[in-house]
Amino acid sequence: MIMSLLQLSFSGAVLILAITLIRAVAINRLPKKVFLILWEISMIRLLLPFSIPSIFSVYSLLERNAPIHDTFTGTPAAAFLPPTGQSPPPVEISPAAPEPKHTIPLLLIVYCIGAFLIAACFAASYIRCRMEFRISLPVSNELAQEWLHSHPLRRPIEIRQSDQIAAPLTYGVFCPVILLPWKTNWKNREQIQYILTHEYIHIRRWDALTKLIAAAVLTIHWFNPLVWVMYILFNRDIELSCDECLVRRLGPDSRSSYALTLIGMEEEKSGLTPLCNNFSKNAIEERITAIMKTKKLTLAASLISAAILISVVLMFATSAEAGSSDMPNSEINTAMEKLTIYLTTINHLREGMMNEGGEPMEWDTETAKKLELDGRSCYAFDLRFANDEGKNGQMAGRRAGTYAVSLEGWHVYNDMDGDNIWDEYPACYGISFTPDWANTYPICGIIRGMTEDTLTVEVVEFITDDNAERVKELGLTESDMPNGYHINMDNSKLVTWQRTDQTSYIFIDWSREFVENAQDPDSGWYCATMDRSIFEKYLSTYPSFDEMRMPFFFNVEDDVVKGIFEYPFM
Amino acid sequence: MDIKLFDSELKVMNVLWQEGDTTAKNIAGILKEETGWNVNTTYTIIKRCIKKGAIERSEPNFICHALIPKEEVQQAETDELINKIYDGSADKLFAALLGRKKLSAEQINRLKQIVENME
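Chains as they are written, first to last, in numbering that gives the first Met the number 0: chain A, 0 to 569; chain B, 0 to 118.
Please keep in mind that the hints were generated in silico from the structure rather than gathered at the bench. Because the structure is a prediction, the values reported are computed rather than measured. The beta-carbon is built from N, C-alpha and C at its ideal position, and this holds for glycine as well. There may be inaccurate statements among the hints.
[To be verified] In the DSS-like style, the derived pairs of lysine-lysine whose C-alpha atoms are separated by at most 30 Å in a straight line are:
id, chain 1, residue 1, chain 2, residue 2
1, B, K10, A, K182
2, B, K51, A, K182
3, A, K32, B, K111
4, B, K31, B, K51
5, B, K50, B, K31
6, A, K182, B, K31
7, B, K50, A, K186
8, B, K111, A, K182
9, B, K31, B, K10
10, B, K111, B, K50
11, B, K69, A, K182
[Said to hold, decoys possible] Here chain B is said to cover these stretches of chain A; the calculated rule only asks that three of the stretch's residues, wherever they fall, bring their Cβ under 8 Å from a Cβ of chain B:
id, stretch
12, 126-137
13, 158-164
14, 284-292
Make the full structure from the sequences, and use the hints.
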C-alpha cells in the first residue's frame with residue numbers, strides 16, 4: 000500500500016528511535032556491523048513508499064490493544080501511522096466538518112524550500128571538494144605500489160596526495176581514490192598500514208555510496224529531527240564498524256597502537272587551538288573506547304545480533320497486517336475511495352441507509368473481488384458499518400450489502416442479498432429529503448457561469464427566521480420572509496471555484512424527467528448525480544445565467560466544489 | 000619576494016623550471032602524463048599561479064614564464080583551506096555546523112589516558 004511522506008517519516012522515526020535505544024545499550028557489546036545494517040534498514044524504510052504487512056508489527060500490537068480505526072479520522076497524529084496492509088482508513092460519512100486544508104500548500108512550499116537548501120548545501124560541498132581533490136598529485140613510492148598490489152579489488156584504487164587536506168580520506172564510488180595529506184610520513188610503515196587498511200575497508204564496503212544515500216534520505220526527510228539523529232549516528236557507526244573490521248584483521252594487539260595513531264592524527268590536526276566541543280569530544284571518545292573494547296566475534300554475539308535484526312525488522316519496519324490478496328492495491332484503493340465518495344454523496348440524504356450524523360463506513364477488504372459487469376471492469380466489496388457507539392451500536396459490524404464500482408466512470412452496482420444479481424445505480428438517483436442539508440452545503444449562491452472545470456457563483460447571504468439576531472439587524476419583517484427565509488444580496492460577491500469529476504449534484508426534479516427509478520412515490524423529487532452533463536441539462540431548464548434568481552447551496556473545500564444542493568423553495 | 004604555493008602549483012612551476020618558457024598546452028600535456036590531470040585542471044592551476052604572481056603569460060602563443068626562481072618559493076601552509084573544505088566530506092560539513100572544532104591538548108591527553116587505562 001502506498002504511504003504518504005509523513006507516514007513514511009513517522010514509521011522511519013519509530014524505527015530510528017528503536018535503533019538509537021539499542022545502540023545506547025549495546026554499542027560495545029554487539030558487532031558494529033549490526034548497527035550499520037539497522038541504519039540501512041531504516042533508510043530503506045524511509046525511502047520505500049510501501050508498507051510491508053506483518054502480524055508482528057508494533058502497529059499490529061497497537062491495533063489489537065487500541066481501536067485505531069475509530070480514532071483514525073479524529074486525531075491528527077493517527078494520520079501519520081503507516082496504513083495497514085490493505086484495509087483503508089474508514090471514512091467518516093459526514094462531510095459536514097470542513098478541514099483546515101489551506102495550510103497544506105504553504106507547508107508544501109516550506110518543505111520544498113527546505114529540501115532544496117539541504118540538497119544545495121550537499122551539492123556545493125561535494126562539488127567544491129571534488130574540484131580540490133582533482134588537483135591532487137599521484138603517489139608513486141614503493142610502499143604505496145606494494146600495498147596496492149597486495150590489496151586488489153575489481154575497482155581500480157588510486158593513492159594520491161594533497162596539501163589541501165589534514166586527514167586521510169577516500170572519495171569516488173566507482174573509481175575510488177585514497178587521498179592522503181601532504182605531510183604523510185611514509186617511513187612510519189605501521190601508521191601507513193593502518194591508514195590504508197582503514198580506507199580500503201571503506202572502499203570494499205561501498206561506504207562512499209551509502210553515505211550518499213544517507214544524504215539523500217536526509218534531504219527528503221529534513222523536517223524529521225530523528226532522521227538527523229540517524230544521519231549523524233550512521234556516519235559515526237560507519238567509522239566504528241570500519242575500525243572494528245581493521246582490528247579484527249590486524250589482530251587484537253593492534254588495538255592500542257591503532258587508537259594512538261588516530262589520536263596522533265587528531266593532535267596534528269589540532270595544533271594548539273584551545274577550543275573544545277562536546278559533540279566531537281564525545282564522538283572521538285566513543286570511537287577510541289570502541290576500538291579498545293573490540294573483542295573476538297563470539298557465537299553468542301552473532302546469535303543475539305541475528306535475533307535483534309530479525310525482531311527489529313519484523314516489529315518496526317513493517318506495518319499492521321491485513322488480509323492478503325494478489326490484486327493490485329492501488330486499484331482496490333481507488334475503487335474503495337470511489338465507492339465511498341459515491342455513496343457519501345448519493346446516499347447521505349437517503350433515510351435508512353445512514354443516520355443523520357453520518358455513520359463511519361468500512362469496506363471489508365477481505366471480500367474484495369474483481370468482476371465484470373455490463374462489460375465494465377469493476378471491483379466489489381462488502382460494506383460494513385463501523386462501530387459507532389451510542390448512536391447505532393446494534394449496527395456495528397453489520398454487513399450493509401455488497402457494492403461494486405467500475406474502474407472507468409461512475410457506474411455503481413449493488414448486490415444487497417449476496418445472490419450475485421447486481422442492480423446498477425442509475426446515473427441519476429432519486430432520493431428523499433432530510434433537513435440535514437444546511438450543515439453539508441453551507442454556502443448559498445446563484446450560479447452565474449460554468450465551464451468544463453469551473454463554476455462562477457454569486458455568493459449571497461441566506462437568512463432563516465431562526466436567526467433572530469440577523470433578522471433584527473437587517474430590520475426584516477414577516478413580509479420580507481413569507482417562506483421563513485430571506486436572501487440578502489447586498490454584500491454579494493462573485494467567486495470562481497473548480498469542479499471535478501467528483502463534484503456531486505443534487506437538484507429537484509420538478510417534472511420528473513431525470514429520475515429513472517421513480518417506483519417509490521417519495522423519491523423522485525430529489526435527483527442526485529455525479530454526472531455533470533445531467534446537471535447541465537437541468538440548468539438549461541432555468542433562464543440564462545444573467546437572469547438566474549434561484550439560489551443553490553454549495554459544499555466547497557479549498558476552492559473545489561464538492562457538492563451542489565438545491566433547496567426546495569416554493 | 001615571498002610567494003607561497005601549494006603542492007599542485009609547485010608541480011606546475013617545476014615543469015616551467017625544468018623546461019624553460021613553454022605554452023600552457025605543453026604544460027598540460029606533460030602533467031597529464033605525470034599526474035593524470037586533465038587540461039582544464041592544469042589551466043585552472045596555471046591561472047592561480049598567475050594570480051599569485053608566480054607565472055607571467057605573454058604573447059605570442061600565450062607562452063608561460065616563471066617569474067620566480069625555485070629557491071624563493073615556500074610550501075604554503077594549509078590550515079585556512081582545511082577549515083574551508085571540512086576535510087572534504089559532506090558529513091563533516093554538518094559536523095562543522097554542529098560545532099566540530101579542533102581538540103584541545105587537554106582532550107588529547109584524556110584520550111591517551113583512555114587507551115592506557117584500557118590496555
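- Message: Of all the hints numbered above, which does this structure not satisfy? Sort the numbers upward.
- Response: 7 and 10
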